[in-house]
Amino acid sequence: MTTTSRVAQTAPPAGRNTPTSASAKAQTFRSRNRIDPTYYWMIVPVLALFAFFITLPALVGVFFSLTNYAGYGDWKFIGLSNYVNIFKDPAVLQSYIFTLVFALTTTVVVNIVALAIALGLNAKITWRTGIRTVFFIPMVLSALIVSFVFNYLFSNTLPVLAERFGVTPLATSILANENLAWLAIVLVTVWQAAPGATIIYLAGLQSVPSEVYEAADLDGAGSFRQFLSLTLPLILGYLVINVILGFKGFLGTYEIIVGLTGGGPGMATQSVAMRIFSGFTGGDYSYQMANAVIYFLITLLISVIQLRLIQRRGVSL
Amino acid sequence: MNAALSGNAPIGRRALLKFAGLAGAAAILPLSGCGAAPSTQNGVTTLRFMQNKPEVVAYFNQVIKDFEALNPDIRVIQDFNEGNFVPGLVRNDPPDVVTRGFAQATADFVKKGIFADLSDMPVAATIDPEIQELISSWGQYNGNEVSALPFSLAAAGVIYNRDIFEARGVAVPTTWDEFVAACETFKAAGIAPIYGTYKDPWTLAQGMFDYVAGGSLDVAEFFSKLNGRGAAITADAPESFANNFGPALPKMLQLASFAQNGAASKNYADGNAAFAKGQAAMYLQGPWALSQLVAANKGIRLGSFPLPVTNNPEDTKARVNVDMALSITRNTPNMAAAQRFVNYLLEPSVVNTYNEKNAAFSPLKDAPAVENPQISGLGASVKEARYYQGAGTYFPPSVPLNNYVQSFVYSKNGEQFLAALDDEWRRVAERTAV
Numbered sequence: 001m002t003t004t005s006r007v008a009q010t011a012p013p014a015g016r017n018t019p020t021s022a023s024a025k026a027q028t029f030r031s032r033n034r035i036d037p038t039y040y041w042m043i044v045p046v047l048a049l050f051a052f053f054i055t056l057p058a059l060v061g062v063f064f065s066l067t068n069y070a071g072y073g074d075w076k077f078i079g080l081s082n083y084v085n086i087f088k089d090p091a092v093l094q095s096y097i098f099t100l101v102f103a104l105t106t107t108v109v110v111n112i113v114a115l116a117i118a119l120g121l122n123a124k125i126t127w128r129t130g131i132r133t134v135f136f137i138p139m140v141l142s143a144l145i146v147s148f149v150f151n152y153l154f155s156n157t158l159p160v161l162a163e164r165f166g167v168t169p170l171a172t173s174i175l176a177n178e179n180l181a182w183l184a185i186v187l188v189t190v191w192q193a194a195p196g197a198t199i200i201y202l203a204g205l206q207s208v209p210s211e212v213y214e215a216a217d218l219d220g221a222g223s224f225r226q227f228l229s230l231t232l233p234l235i236l237g238y239l240v241i242n243v244i245l246g247f248k249g250f251l252g253t254y255e256i257i258v259g260l261t262g263g264g265p266g267m268a269t270q271s272v273a274m275r276i277f278s279g280f281t282g283g284d285y286s287y288q289m290a291n292a293v294i295y296f297l298i299t300l301l302i303s304v305i306q307l308r309l310i311q312r313r314g315v316s317l
Numbered sequence: 001m002n003a004a005l006s007g008n009a010p011i012g013r014r015a016l017l018k019f020a021g022l023a024g025a026a027a028i029l030p031l032s033g034c035g036a037a038p039s040t041q042n043g044v045t046t047l048r049f050m051q052n053k054p055e056v057v058a059y060f061n062q063v064i065k066d067f068e069a070l071n072p073d074i075r076v077i078q079d080f081n082e083g084n085f086v087p088g089l090v091r092n093d094p095p096d097v098v099t100r101g102f103a104q105a106t107a108d109f110v111k112k113g114i115f116a117d118l119s120d121m122p123v124a125a126t127i128d129p130e131i132q133e134l135i136s137s138w139g140q141y142n143g144n145e146v147s148a149l150p151f152s153l154a155a156a157g158v159i160y161n162r163d164i165f166e167a168r169g170v171a172v173p174t175t176w177d178e179f180v181a182a183c184e185t186f187k188a189a190g191i192a193p194i195y196g197t198y199k200d201p202w203t204l205a206q207g208m209f210d211y212v213a214g215g216s217l218d219v220a221e222f223f224s225k226l227n228g229r230g231a232a233i234t235a236d237a238p239e240s241f242a243n244n245f246g247p248a249l250p251k252m253l254q255l256a257s258f259a260q261n262g263a264a265s266k267n268y269a270d271g272n273a274a275f276a277k278g279q280a281a282m283y284l285q286g287p288w289a290l291s292q293l294v295a296a297n298k299g300i301r302l303g304s305f306p307l308p309v310t311n312n313p314e315d316t317k318a319r320v321n322v323d324m325a326l327s328i329t330r331n332t333p334n335m336a337a338a339q340r341f342v343n344y345l346l347e348p349s350v351v352n353t354y355n356e357k358n359a360a361f362s363p364l365k366d367a368p369a370v371e372n373p374q375i376s377g378l379g380a381s382v383k384e385a386r387y388y389q390g391a392g393t394y395f396p397p398s399v400p401l402n403n404y405v406q407s408f409v410y411s412k413n414g415e416q417f418l419a420a421l422d423d424e425w426r427r428v429a430e431r432t433a434v
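As given, the protein sequences belong to chains P and Z, one line each in that order.
Just so we're aligned: 241 in our numbering is position 241 of the first sequence, and the numbers increase by one with no gaps anywhere.
Just so we're aligned: 201 in our numbering is position 201 of the second sequence, and the numbers increase by one with no gaps anywhere.
Keep in mind that a hint or two might mislead.
Unchecked claim - Below, simulated SDA-like cross-link-like pairs (lysine to any residue); rule was C-alpha separation at most 20 Å, straight line: (1) Z:Lys383 <-> Z:Arg427; (2) Z:Lys112 <-> P:Lys88; (3) Z:Lys53 <-> P:Lys88; (4) Z:Lys65 <-> Z:Glu55; (5) P:Lys88 <-> Z:Arg427.
Source of the hints: derived by calculation from the structure; they are not laboratory data.
Predicted model, so just to flag it, every value in this text is computed and none were measured.
Chain Z extracted, bound-state conformation (with noise of 0.2 Å):
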């Protein structure tokens, strides 16, 4: 074998110096493909739109189609590869105009000085003060910066089967215990009240967790306190998870009780499947679950209502999230170009429309009311702004909420699960205060 080896030597060295050189070669090529290029050429500026779902590029397609006719000096591409986002400020070549759901991760850029300030811009002045405020709750770069604009709010209570609810005679609760009472008419007529998804944990925290919370107490305050409170944070404390959340824990159980038989193994794709097909009156799911919803069962008929967590009719909230915020990257070469996009996109032909077709609520002040029946029982608390963003979404991702949330229901042991938040909280501030 040696000798073959030292036969063979010359070629195979040839041979191996070719494959070192191409291997190189291809090592070092991507890496040059990197760097700002320059934007402008023949007086046509490219922008970069970032956006993160993929399920509207199709219309956001249409709407630079539009936009690049109106403004024939501008070119705009998409890019729904979000996971390119921050690989684009670490080599400083971020894109122009961003979209993104606004919470906590985004808010972690805003702290960091990455968005431009679009206070100056007119469009800025057509947006609803209490959802701009949704935004700013978050914290505003040098304490007053508009750091990005609501371009979708998406707005998530009970979705419910309207047929099953009819034919039982059941109206839409409005209180709490109209609640209690509707899950067991329901049960007594062998229907399941509301279908759990409890095998992925993100439904229990979004729904459960989030809808309960956020009906008995005031999450923005809440943590906003205990953000107040940084580091120095014990159970004891009256800003603590143990001395706000106890109350709420009954109902969160209550409400996780009323799910059918084993719903500790299903997962949110099979829910969607058996809601669609009527094996429960109500599904503790948002907006994004209705298309999934009608896709597999075109007849059915949906509406959402908030969830009435107390008997004050209203003390009712939504749950909402700022679902798409558009934002201007701060030192992007194209400010000017970047912002003629961004006023062409808070036209309300243009985002009213968007909201329109993605069941969700435009953040315009003049936006017509919501008439699509299966999300316009929600209309009313976010005309009146009685609404809340999750507790869900407040907590840095580094904290496993969800599964302590799901630990919390399988073991109905509440102290321990708001323990272990305290715990978790303090955890993460001791570090990420250093």
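For reference, chain P alone in the conformation it holds in the complex (with noise of 0.2 Å):
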């Protein structure tokens, strides 16, 4: 602990120094020999896609925030109208309770899990190659499918199971039942989501000397006490890139709750980005843009925060 609470006090002038000379130093260097084209030619039209693509359009729904547009016909400004509309809607409220908590049980236990599996996964087990790659399978499914197949199990085998067995309180689909629903779509997640999360921690894990750990062995450290004082505050970096990359993507949950339940039963599943997308359907256009600017600003504030943890750590990205 001393020692992580150390290099996190050192870390940030260090690393805030050393990029800047660095850089400055490759300026001088790259002024004096004539940047190679090449380099632009590689940017400009990723650039010039990624600008005609992503920021014009959305700078064309900010802009479409401020009016009452409906998706066709006539519209007028509005001005701020639509966003005090939106802090005034329940349901757009809970949608944000949701996918808040949504996200936040869903990296704890994504986090929990790969580390287990990479732990497993990393020790001198028989077949090691053939169940890593076992593992592994859920991530190249598309999560469409992944949701339909637990939904038909959830809805139709589960149930029947229960039943055979005398289980009552899973004799009726968790996806009807209002208040677990949200488990199901955490687990399906976690199932799918996980094998990412093992592949960046099996890295962390290889990274780490295996002298460290015979010298605690000789210390007489047993294994538990090794995780704790060794391993993990050795791979705590890939521990910081897993919860920002994984809470980052969960915000943004889709569709596995439409392959799932599709928003219900009622309105207990419903997350941010399914209300932003019904704006396009339902004629409400303008509202929901509204609230997708709120939503980009919360994401960019969260990443933003993100950010400086992982530089505080020392970690690029």
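From these two lone chains plus the hints, build me the complex, please.
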């Protein structure tokens, strides 16, 4: 603990100084030797495509969030009233609460599961490569297909099994239960997202030199103590990356919910992304655009905070 | 790596340039394809006819062939991708003749003046005025225009399995008490009275919610009063949901309780398969389910009756929707040709044959009585104009009504349900009123 906190204290000045001096040096070096235009030719098309297909539509969306545009037909400027109305809409608020609780829970569970799997797969077990492959299969399957398969399992297979073995609480599908449906979504998301996190943890675990464990063995540390005092601090950077990438991804959760519950039962599992998308079909375009802008600002804020945390850890993406 | 890259730079640069050029050309090509093309060539006018039902494409292809044979100066192209409609409007290149289901969404297009006035067309006089009223009740452009002529009327009620009814000696109920008694009979015999598919919330809104609401109150009048209030609607206003829908709610819940166990985890597809296998006596679905049920079980004998919601058989009404309504876009350059095509579509031989084939009702005044045993039980209601358009269809699409209905069935909290509907309605009215 003391070592990590010392690292945390000393890292920022070092982290801030070295890159600037390095880049300054690089700049003087480059300005003397003309920059190869190939680099521009690599960047410019991507930049143009990005601006044309992402930045420009986003700005158009921001513009229309200040109007009463329904997606077609006449419209006029209505100022900020879409934004004011968003804050008065309990249905939108509920979707924000659901999405945040879902993203937090899923991030925690995904990381615990992925770390456990990574520790297991990193050990010298028989058929390690084969088992690793099996664990990574969920990652290459489409989330929508996975969720339709699970939908079938939850709705048909599980209730039949539960009825046969007399487990009455499970005899009706948990997808039909307003209080439990979100757990099913967490479960499927974890199943789908854990392999990606596992890969990153495996890379982290393989970077830990075996000498430290030998030293710990000599000092008489048990395996739990070794994990807590050696493994965890040494792979902390990987944990931070997993938490940040995962959390941001889970905030935009959409297709797994569509495949499992469609936002139901009732309004129980409506994520923010689903509400925003409903604006395209529901003639509510400008209103949901305002919602999208607010959500963008929130995710931007979260990303900035997380990037700060990353820099403090001395990890760069 | 750096050296390798700069060593390859000349080739890489040229290739990149080429790629960028190709990408640019690819991006521009589809754009230049837009814009209204001249639609008359060599004296032949080309019409675009948009319809939104993939299952009747073949029927309309035949209709178009017959029409073209009679009218060699007109060529009709069928477009069944409704997704093109709004983009067509944006590009100012919409199809000439359109047929859509007529409800909230199409009424919005009418309000924006997208469709031409058809009231002068002679065929307009052949249409049953009660059915035409279903369209004009959504609001008319300039207060008096006829923006759409009905082509097909779908009537929905309770689909029932004739074999199960006969085996238990149950007659088609004409009052609510008879209906409840019939359900109890089936229940006592170990048969699920109704097959519920609550996992698909639209089936709850379409069946339980619309049927009971339509049978117990005047839906069209309720919504016209509600719309009249605009954004000034509160839960205690006399026009609110809370003050009008209250008495209907217990019947909705009673209806929902007659479904089989585990209805919450069954969807529409499950329901069609199970009902076709005879796993329930009744099914709260419209004519769209009939072909699926027959496809799953060729031998099934089906019938339909309007759900009685009161104990006065005179009150019993069917839920209808204008499944197809013909419109001509206002600024089409081919108005005369488009009118000839619409006239042809509304000839009895075309429109009656279509509706006969698709378990629907013809909108013509002197249409023959429906003989299809699957829907003939609804014929009297349609003939006598004892029908309503589903309450759910009056909601703006931004209100997730289906989800609220589902939530109500699970929680059985009627007060919360109606308060939520009032709140949602007011919020949408507030932000669209600006």
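Taking the hints in turn, this is what the structure says about them:
no.: 1; hint: Z:Lys383 <-> Z:Arg427; result: violated, 39 Å
no.: 2; hint: Z:Lys112 <-> P:Lys88; result: violated, 29 Å
no.: 3; hint: Z:Lys53 <-> P:Lys88; result: violated, 39 Å
no.: 4; hint: Z:Lys65 <-> Z:Glu55; result: holds, 18 Å
no.: 5; hint: P:Lys88 <-> Z:Arg427; result: holds, 9 Å
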